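Trainee: Protein chains in written order, with the numbering used here: chain A, 1 to 318; chain B, 1 to 138.
Derived by calculation from the structure, the hints in this document are not laboratory data. These figures come from a predicted structure and were not determined experimentally. The reader is advised that the hints may include incorrect statements.
What the hints assert, rightly or not - Ranges between beta-carbon positions, derived for each pair:
#1 20/A x 69/B: 44 to 50 Å
#2 98/B x 40/A: 50 to 56 Å
#3 28/B x 187/A: 55 to 61 Å
By construction, the Cβ of each residue, glycine as well, lies at the ideal position given by its N, Cα and C atoms.
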Amino acid sequence: MSSFLSGWRLVLAFVVSLIVIPVAGLVLNWVDRFVSARVQWRKGPPFYQPFADILKLLLKQTVVPRGAARTVFLLAPLVGIAGMSLVAMLLIFSNSGLVVAQKTSFIGDIIVLLYLLALVPLSFIVGASASRNPVAAVGASREMTLYLGYELPFVLALLVPIVKVARAWDVASALRIGGLVAYQQQFGPFLYSISGVIAAVIVLFTIQAKLGFVPFDIPEAEQEIMSGVLVEYSGAPLAAFRITRAMMFVLLPLLLITLLWGGIRDWWAVLKFLLIVVLVVLMKNTNPRFKIDQALVFFWFILAPLGIIAVVLAFIGL
Amino acid sequence: MKDLRLWGLKKSPWVYHVAAASCNNCDIEILELLTPRYDVERFGVVLVGSPRHADALLVTGVINRKSLPRVLEVYEQTPKPCLVIAIGTCACNCHIFRNSYNAVGPYDKHIPVHAYIPGCPPKPEAMIMGVVKALSKL
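Using the sequences provided together with the hints, build the complete structure.
Mentor: What follows is the structure, encoded as structure tokens:
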């Protein structure tokens, strides 16, 4: 790691994870709103809308509710942003198309990635619980349930590429993102196999749930619990949460491309990326919201068995 | 700095709908304002679920002894700067309930109001115009 984070690479890592990814995320946020507007047959906001939102929130008063755990309440949004920045570093620098992969990824970084991704729901849960609001507490409990729901099929889906590489090469390179990308460069993307397709579908649903988009926006359902986990947040911390979500919106499709669809190597990756984003947005616009128990049943009893089937298929080599 | 703040506020006014004892007519017109037909998201207007996220409060209905403390509380919960927009004749001047035992006067007696949009109910076009005028006065 020490050789990785040195000199210009360090600067590049900071620029990418703290400036490029959030800005790209806000642009994607506009894409989301624009596509939603077109689906609903209207014009939609101008391209600078998310930036205006963030600017306004940053310059607005921040209210801390009476009786809230002040420090935790204000620090929780930063945990999410920090987690997403680290994911950005891991993901982008492990892709061999950009920087030399063999040096930058280390054994077990895919496990680190999994835990870093868990920081975002954690920040939502902690922040909501610190705000001393009953509605936020309901949102936090739903966020917890939803996290427990989607994490199981998500891990199973990530096992598919790992199993495939472990069968062909060895476990050490299977647990490295760089190893997974290198395998795909040699033998073609995992997506072009039965188990890969199943894994991609599962990851797609997980992206939807992790982003809090409509079939799974149960923790912040605006019509029933008034934006739930975020109900007490205002001003800069709210902006931080929105930036976290925006960064996730960039990083999760990138994760899908990296792990299952050949890695970020050429300009085709941009097209794949946009395809996934539009698919996610269309899914968001054409579905009603699940109840929390329905979501849990969907993830545990439909997607998880599918994931197990995918892992078994990967073991046989399909 | 002040210019940036104003620009942000003008370009993304998030509204929170405070229905304080109205007859529901203005509320339905507000909902119509937010439908694809009028598409106020063009101007960055989004309906938010919590007063903590709001930049503008759309208050409807004649204010009375029961609803006054609630409305004041919602106003205090909203982070400043925040606009208050009185929608409907009831909110502007109590309409036919002026002499009611229960009415405690129009909103501007209790909280600062930035725009009055009369009508029973006002048309969505009138509301858009009122909000535009309120924002350009900032």
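Trainee: Compare the structure with each hint and give your call.
Mentor: Do the hints match the structure? See the list:
no., hint, in the structure
1, 20/A x 69/B: 44 to 50 Å, "holds (49 Å)"
2, 98/B x 40/A: 50 to 56 Å, "violated (41 Å)"
3, 28/B x 187/A: 55 to 61 Å, "holds (60 Å)"
Hint check: a violation occurs at hint 2 only; the rest are consistent with the structure.
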